[in-house]
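K.L.:
Here are the chains, one letter per residue:
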Amino acid sequence: MFRRKQKSASSAKDRLQFVLIHDRTNLTPEQMNRLKDELLAVLAKYVSIDGQGVNISVEQDGREQRLLADIPLKPAETLRRR
Amino acid sequence: MAAKVITVTSGKGGVGKTTNVANIAAGLALGGSKVVCIDGDIGLRNLDVVLGLENRIVYDLVDVIEGRCRLRQAMIKDKRIADLYLIPAAQTRDKTAVSPSDMVRLCDQLRLEFDWIVIDCPAGIERGFRNALAPADMVLVVTNPEISAVRDADRIIGLVEAEEKGPALLILNRVNMEMVKRGDMLTPDDVVDLLAIELIGIIPEDEQVLVGSNQGVPVVFDQKSRAGQAFRNVCARLNGENVPFMELEARPALFGRLGKLFRGAAN
Ligand SMILES: Nc1ncnc2c1ncn2[C@@H]1O[C@H](COP(=O)(O)OP(=O)(O)OP(=O)(O)O)[C@@H](O)[C@H]1O
Ligand SMILES: [Mg+2]
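So the sequence lines, in the order shown, correspond to chains A and B. The letter at position 49 of the first sequence is residue 49 when you use my numbering, and the numbering goes up by one with no holes. The letter at position 30 of the second sequence is residue 1030 when you use my numbering, and the numbering goes up by one with no holes.
Since no wrong hints were added, every one of them can be taken at face value.
Listed next, the stretches of chain B that the computed footprint assigns to chain A, with coverage defined by at least 3 CB atoms under 8 angstroms from CB atoms of chain A:
| # | segment |
| --- | --- |
| 1 | 1157-1169 |
| 2 | 1180-1194 |
Cβ-to-Cβ under 8 angstroms is the rule here; a few derived chain A residues that face chain B:
| # | residue |
| --- | --- |
| 3 | K7 |
| 4 | Q17 |
| 5 | Q60 |
| 6 | R63 |
The hints are simulated quantities; they were obtained by calculation from the structure and are not laboratory data. Don't be surprised by glycine CBs; every beta carbon is placed ideally from N, CA and C.
Just chain B, same shape as in the assembly (with noise of 0.2 angstroms):
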């Protein structure tokens, strides 16, 4: 086994990295691999609330880092899913705690062991985010259907090609289909027709991912919510398979009706 790394980052705060994490982690877990996802946040650290382990954190990152416990006792299992891990972030501590050839180490520990890392990047574009993606083998960036989080996309895009860690791949977060039909939200394809990258996911705006949230339970394990469908769909796309976009139709009385909840568009 040699786990792929996948960063999650935005450049924009607050567009959603923790929550794909949380449901991309969670989503290629029950898809049968062995996955561990990173809290990046060091100091904001918020992966272990969404995922629902808050509770049983003992050790973290900078433990780690610091050789204060051993790599093993600062995994949090998942009891939901077979192979789920978290490794949490400090939160008394700052990005500086950890540098980027501290996350390549970790990372390389933990590759013979998994199929997936998957990690948290905190916003902006500073240490954290150099972190982040030193280890990168795949980059996401997220990004919602506003003019400021596209906008700082495209200078994290810009920046994880920089790095040679490119082409990175989008996400687009919180699409509201209803907007977009009146013209009031840019669309996927305005959206990648700017940022000129390939996507490989479009996340419905979805009252459920809060909900999700509120318990710790990942908005993936869901099977009737429409949020939870898309980034099935992400990973389903991030093991190869080519499954085509959802139509993101306004109401979600269409479920079950595959003719219609499906366009048909190419990967």
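The shape of chain A in the complex, shown without the other chains (with noise of 0.2 angstroms):
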């Protein structure tokens, strides 16, 4: 919350590096978080997702978005009980 060390001139970079990712993908952060939960939830449905490492974020690539998903899996029941 407090960046009071940054110098004004980065945190205008950081806020712009996030608005322009909304912006460029018409979504905004309210939509983004439920497309990320409806994604996980979708995914449960056929591996078990370890909740601790999940990642998903919106990149720039020059002027494009690219939506990267890291979600770690947890092993299957019947490996683990080993």
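Relying on the hints, combine the two individually framed chains into one complex.
P.N.:
The following block contains the structure:
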């Protein structure tokens, strides 16, 4: 929350980075969060997800946006019991 | 001869489009090219005063489009340079008096006679922007190192791409090097990083820009001004020269010490 130590230009850059991702994808932060939740819910029907390590983000690749999802899976039940 | 049409746009208003059009057009003409600039800001014309040609307007862009005069009659010749012309905007009409296809047709008529056609776009993303974009071969997006101007520039760059007029080139205007050094202004690298387009000009904040527009003499004529040099560099780059970007030193005292002036960064 408090970024007093940060120079104003670098907070401008951080804030712009955030805003541009939402402008370019036409997704509000709220919609983005819902997208993540729903994505995980769908995946959870098939695999068991290790919620701790989940990382879903939109990355910039030039002027294109890329949805990157890094979703660690838990070992299948049968394996784990051994 | 087949002119290249450059449209100068921005998204956010007041960032320096008209200043850039005046200086780039005059700078290209100084370099020996035949140049005509068109004020696309119908209803809010300004390019005429920035160029110092306001007293000689008889006909305007809308008169040409609506057939009240011949194209020639609406072209004001700048007497200071060999081949610089202005087609002024109408002051008492609005953007809908012209359509994108009118602009394409007009530019096609001018192409044969000129090397460069430079179009000043109004602020915003409405009809005036569409008009100015339609004939463009090349789009220059002007922004300031300021959060809302950069955000709006990003929108415009996206729209230019969507219209298949991209990739746009970036002009970063009003850079205050003292603030950059303090960490209180986005650097050119920051802005290029954010917008992910190629840079064609870094124009310093320079009081001489205002002095020049007070007098109707674009700062590009002023050999001593830093902004003038930056505009001459943009023109050289448009002509395909590989000019390094100026080091934006806070003090202008370094003028003439070429070794210090240039950082040698790639174009
Ligand atoms: N590099 C600069 N240094 C100092 N002042 C500048 C610079 N560039 C532009 N200005 C000043 O900023 C103001 C706005 O410039 P200008 O009219 O060119 O912007 P614009 O984008 O055309 O505006 P609009 O959107 O209203 O058409 C003017 O007063 C101009 O003199
Ligand atoms: Mg203007």
